[in-house]
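Construct all of the structure, not just a fragment, from the sequences and the given hints.
Protein sequences, first through last, are from chains A and B.
Anchor point for the first sequence: position 177 equals 175 in our numbering, and the numbering is continuous, going up by one each time.
Position in the second sequence (first residue = 1) + 1459 = our numbering.
Check before you lean on any hint, since a few could be wrong.
To be verified - Subject to a maximum C-alpha distance of 20 Å in a straight line, what follows is the list of computed DMTMM-like cross-link-like pairs (lysine to aspartate or glutamate):
hint : chain 1 : residue 1 : chain 2 : residue 2
1    : B       : K1693     : B       : D1563
2    : A       : K117      : B       : E1560
3    : A       : K117      : B       : E1702
4    : B       : K1646     : A       : D123
5    : B       : K1574     : B       : D1563
6    : B       : K1650     : A       : D149
7    : B       : K1648     : A       : E150
Said to hold, decoys possible - Footprint (simulated), chain A over chain B, 3 or more residues, beta carbon under 8 Å:
hint : stretch
8    : 1603 to 1615
9    : 1652 to 1664
10   : 1680 to 1693
Unchecked claim - Residues from chain A that face chain B, not an exhaustive set, calculated with beta carbons under 10 Å:
hint : residue
11   : A44
12   : R114
13   : G122
14   : L141
15   : M151
Keep in mind the hints are simulated off the structure, nothing from the lab.
We put the beta carbon where it would ideally sit given N, CA and C, even for glycine.
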Amino acid sequence: MTAAVTTDADLAEAPATDDGGRRGVRRFGTIALAAAVVVGLLLGYAGGLLTPTLTRPGENSVEAGFARDMTTHHAQAVAMGLMAFQQGQDPEVRQIGGDIATGQQGEIGTMQTWLRLWKLDPTGDQPPMAWMSDGAGLVKDGLMPGMATPDEMKRLRAAQGREFDLLFLQLMIRHHLGGVHMIQGVLDEGHDKDVLLVAQTMKNTQQKDLTNLQAALKRLGG
Amino acid sequence: MSISTPGGPERRPTVVSTGKKPAAGRPAAGDKPAGDKAGAGKGTPRAGAGGKGRKPIAPVKVSQGRSWGPIALFVAVGVLAVGIVGVGAWAVYRGSQPWQERADAIKGVVDFRKKDKDLVAGGNHQAGTIKYDVLPPVAGPHNPAWQNCMGDVYDAPIANEHAVHSLEHGTVWITYRPDLPADQVAKLKAKVQGKEKLMLSPYEGLDKPISLQAWGFQLKVDNADDSRIDDFIKTLRVNASIEGPNANCDQGVTATGTTPRDNLGNQMPEQPTQ
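Below, the structure written as structure tokens:
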């Protein structure tokens, strides 16, 4: 259909008759090419802007559900830890209480920062534990696994001496067992790398706490 | 031929003809037969440049509008792509609207951050009884001790002076008229129980059955089934706090009664309960 020979000849001496038309085509081609480049760049830029948005955890994601529910779960552990720090009789109980309170409050800050970075509200309107596949059945009176009831918290608030120490250890052991279960939920079903990393750290901490809490309970004869 | 539809049969001849009129200065990409790539709109004019020893054919007049088809296709695809990206961007923007705007969009909500900036600027600690102009109060000075707001359900009125401190910590405080039917109260209780930064208490003298307070915001509704209750909680819980998500809700006053107590956290166990 075409040949190099023809081409060369044409390139060398473009027929004057066609010149206007060819220039027009060339001009048009240049504009179209420029437009293509601009549109391509814009699309790439927009894609780059949107990609983090579209790939970050959304409103009903496992990650967001975990961050919100674990904030609630942690908040109660902080409350119990602060009580132990103030009311505990046994030095180890006071020490563990302070450690749990500061540690878990810090983790609340991490989880709330995730939610802010994901442009999500700090709290959700899903029922508790809805993000975990077997979650809904674990909730009792709005309380997530291991959480103390309002009545138990009242008893703890009023307790003193060895009675406080034992009740605190028992409630915190149950609280941590529930917490580890929830953490396992996000480890199994979550995808966000940083969430998985922090969740694994939480699990390590709580499992180590459990060993110490159980040993302390044994030591105090509970 | 110009502005032709991008259909194959119509475009093919177009491309073939271009091969005969190579455009100078174009990169020599084409050693393919010109007719092969119908889609390469702008590439076609120089297709002949690298033609490999094919039989020369007498040049054919270039028709000026021959590139319109691919260009129209390209523009159409471009516009479509921009449209898709635009719609996506708009949806994302809408979703990330600031919570203040979403709060103001709740029908019937009163935004004291706009009405009374000084009131909501922050709350100094002040002992004893405090007079509030807006009731139930939504902001202002308050006692050093806050009311416990760990999803606490109070069955009797609580002191404004402690409750306002809880609002400052990001709590949504739901109050209801004491004559609210028990099944309605139960629905409110289910929304509150077990969730930090929420608390529920009856309140004397409300002009509507239910009133919701967050720091600087108030919404009054007639019915516990009103969907705006959930909107208010979702939008303002923690968000409305001027202290951020790390403010405490335990270690506060757990007793009911409208007379404020000045006891601070570490006296909690000794606190008189009514």
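Hints, verified against the model:
| no. | hint | in the structure |
| --- | --- | --- |
| 1 | B:K1693 <-> B:D1563 | 13 Å, holds |
| 2 | A:K117 <-> B:E1560 | 14 Å, holds |
| 3 | A:K117 <-> B:E1702 | 19 Å, holds |
| 4 | B:K1646 <-> A:D123 | 15 Å, holds |
| 5 | B:K1574 <-> B:D1563 | 12 Å, holds |
| 6 | B:K1650 <-> A:D149 | 18 Å, holds |
| 7 | B:K1648 <-> A:E150 | 18 Å, holds |
| 8 | 1603 to 1615 | holds (count 4) |
| 9 | 1652 to 1664 | holds (count 5) |
| 10 | 1680 to 1693 | holds (count 3) |
| 11 | A44 | 4 Å, holds |
| 12 | R114 | 8 Å, holds |
| 13 | G122 | 7 Å, holds |
| 14 | L141 | 5 Å, holds |
| 15 | M151 | 8 Å, holds |
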